[in-house]
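> So the chains spell out like this:
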Amino acid sequence: MTTFTMARATLLKDLRLEWRSKDAINSMLFFALLVVVVFSFAFNPTAEESRHIAGGLVWVALLFAAIFALNQTWARELRNQVLDAYRVSPAPPNALFLAKAIGNFLFVVVLEVMMTPLFVVFYSLRSVGPVWQLIVVALLGTWALVVNGTFFAALSIRTRSREIMLPLILFPISIPALLAMVDATTSILTGDASPDFWIKMLAVYDVVFTAVCLLLFETVLNAE
Amino acid sequence: MKNIFIAFVVLTIALLAYSTYQGLFVAPTEQTMGEVQRIFYYHVPSAWTAGVCFFVNFLASLVYPWKRNPASDALAVASAEVGVAFCTIVLITGPIWARPVWGIWWTWDARLTTTLVLWLIYVSYLVLRRFAAGGQTQVLAAALAIFGFVDVPIVYMTIRWFRTQHPAPVMGGGENSGLDPAMLHAFFWNLLAFTCVGIVLMVLRYRLQTLEEKVEATHAAAALQGGNR
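Chains as they are written, first to last, in my numbering: chain C, 1 to 224; chain P, 1 to 229.
Bound conformation, chain C alone (with noise of 0.2 angstroms):
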């Protein structure tokens, strides 16, 4: 089998689980809301302040958001053993890696896409810089956080509380990423200073990250 189509198998069923059972993208939605309406009751921002805030907020949410998805990528897969059935299987393990990687993205971006009329009504929001920059933010930014979630996911699912482990060795890693999008995306919102560095540096970080993790996948999966 080849690597494409393996991975397309793997994210054609976990789309279809997915689309089924809706577990991740629910608890994602109702998490991220509770957030955006706690903050907007902890900080209770003017349409001004909310501008040079939201950057952040929005980033905050979607990361703890995301974690749910993150941490049911390969719980699934323990149950009936099929995590073994794939390190016993000949194919290849980057592209189970890359399809697990690919779905989780494609749920946070579903999830973005849900959230953003939300944060846009709760906080009252109007962008100043041009809107097509916040989407490459956005689609650089969620890469950024899913391909290290996606692998720290499958390391973590390995140790004992592995819904604590995740966020504990995930958010460390991410802090340039997390610092790179909010202030692309508070520049942009408030249109103050050119998102541009900021963009180039996700794009780096997404580079080399992908890079790593492609690397160390089989490794980490075969670990005993």
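Any given hint might turn out to be false.
[Claimed, not checked] Just some of the chain P residues that point at chain C, by a computed CB distance under 10 angstroms: (1) 117; (2) 121; (3) 143; (4) 155; (5) 157; (6) 159.
I should point out that these hints are in silico values taken from the structure, not numbers from a laboratory. Bear in mind that the values here come from a model prediction, so they are computed numbers and not experimental data. Virtual Cβ for every residue (Gly too), placed ideally from N, Cα, C.
Fit chain P to the supplied structure of chain C, relying on the hints for placement.
Relative to chain C, chain P alone:
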């Protein structure tokens, strides 16, 4: 081998005594900062030693997934723990110095933030080691260590861009900081002494780790034999 190590420990203690004397009594008092500047002789060498430890950890973590030898894993644990200890010293001595000199305990400057993130990453590494189950710990930890080490330059670049308005650290340390020769003398002795302390601690921790593994293996073997009886 053991004799050489004992000789090295004695040498380290002597070095530390000498460098402490140099740092606290011989080196001249800084004009504007006063006595508090002397923390520099502990702060910078600690940072350097932590850096050495984390680099050793990175190398050991690169080797382990390949060779699967317990020695490189034991070295990785030892260096990570000693590195975190020295990094903690850096993070404590820094604010003690910054408070009287900068007037603030902490600023989100590139170096400070990078050090903090470095500390966070290696603490998460130690947490992972504690929580990982059985035989998988070593490989998982090695993977995380490689991620951590790749992350550090990116963190530094990001924060540098993020906080350009902050004052450059008052002392760069090393060649271009324009230190008085007497200060430089004390500084280099301390650098040497701290590096030696770091090496001694790493060797001790490495031995402890290999001993622990031996004890565990013996217990496991004994349990297996008991089960047969």
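> Now, for every hint given, state plainly whether the structure supports it.
Structure-based check of each hint:
1. 117: holds (5 angstroms)
2. 121: With a closest approach of 5 angstroms, the residue 121(P) hint holds.
3. 143: holds (5 angstroms)
4. 155: Hint holds; residue 155(P) Cβ to chain C Cβ min 5 angstroms, cut 10 angstroms.
5. 157: holds (7 angstroms)
6. 159: holds (7 angstroms)
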